[in-house]
Amino acid sequence: MKRISELIISILVIGVIIYAFQVKADRDQLILTGKEILLELAPVDPLSLLQGQYMIINFALEREKIEVKEEDINSGKVWFSARIVLRYNESGVASFNRFEDDQLLAANEILFKIKARRRRENESEYFYRIDVEQESFLFKENTEKIYEAAKYGVFRVNQDGDYVLVDLADKDLKRLTVIET
78 MKRISELIIS ILVIGVIIYA FQVKADRDQL ILTGKEILLE LAPVDPLSLL QGQYMIINFA
138 LEREKIEVKE EDINSGKVWF SARIVLRYNE SGVASFNRFE DDQLLAANEI LFKIKARRRR
198 ENESEYFYRI DVEQESFLFK ENTEKIYEAA KYGVFRVNQD GDYVLVDLAD KDLKRLTVIE
258 T
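Okay, so the sequence shown: first residue is 78 according to this note's numbering, each after it adds one.
There could be a bad hint or two in this list.
Label-pair ranges, simulated between beta-carbon atoms [what the hints assert, rightly or not]:
1) LYS79 to THR220: 46 to 54 Å
2) GLU113 to SER82: 17 to 25 Å
3) THR220 to GLU144: 38 to 46 Å
4) SER82 to LYS142: 52 to 60 Å
5) ARG140 to ARG252: 22 to 30 Å
6) ILE81 to ILE223: 24 to 32 Å
7) SER158 to ALA119: 20 to 28 Å
8) THR220 to ALA137: 22 to 30 Å
9) SER158 to TYR96: 17 to 25 Å
10) LEU109 to GLU177: 23 to 31 Å
11) THR220 to LEU182: 33 to 41 Å
If you're looking for bench data, these hints aren't it; they were derived computationally from the structure.
Source: prediction; values computed, not measured.
Even glycine gets a Cβ: it sits at the ideal position worked out from N, Cα and C.
Using the sequences and the hints given, assemble the complete structure.
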């Protein structure tokens with residue numbers, strides 16, 4: 078009986094290790110091949126957001142009020158997962174265009190996975206708020222001053238709307254992380 082327990086535990090540990098390596102490989106692939114876009118950060122006081130070696134971030138996209146008719150609301154759910162269509166310019170700066178629908182994506186559009194929250198302004202007016210599920214940016218110890226100039230989050234996004242925040246950029250769209258060679 079003890080042998081069977083050890084075998085089961087060994088199989089579970091190996092399974093977890095394989096799963097962790099697969100997740101890492103998927104993330105690395107997304108960073109290498111994903112489309113680079115930039116999302117504007119919400120105006121904040123960067124010094125109040127520095128927490129050790131990470132910065133709490135919010136995006137301007139999350140402050141937009143997306144109005145919707147009562148008949149178009151999502152089945153009564155207050156929070157739900159969705160994909161939105163972002164439209165980006167020649168510099169890669171993206172903004173909300175619409176929720177995913179049956180329309181084909183234009184050359185300057187990309188899907189982006191989010192959580193949406195339904196809100197009610199009054200009896201007949203509803204709107205959505207978008208929640209980007211990236212709430213912090215990690216950085217190397219003693220480099221926090223560099224990120225005070227952050228104006229954009231730099232993402233890599235694949236065709237399914239999965240994304241990874243890879244850096245922050247300043248108002249001139251210059252990446253802020255210094256890569257040591």
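*Among the hints numbered above, which are violated by the structure, and what are their numbers in rising order?*
2 and 6
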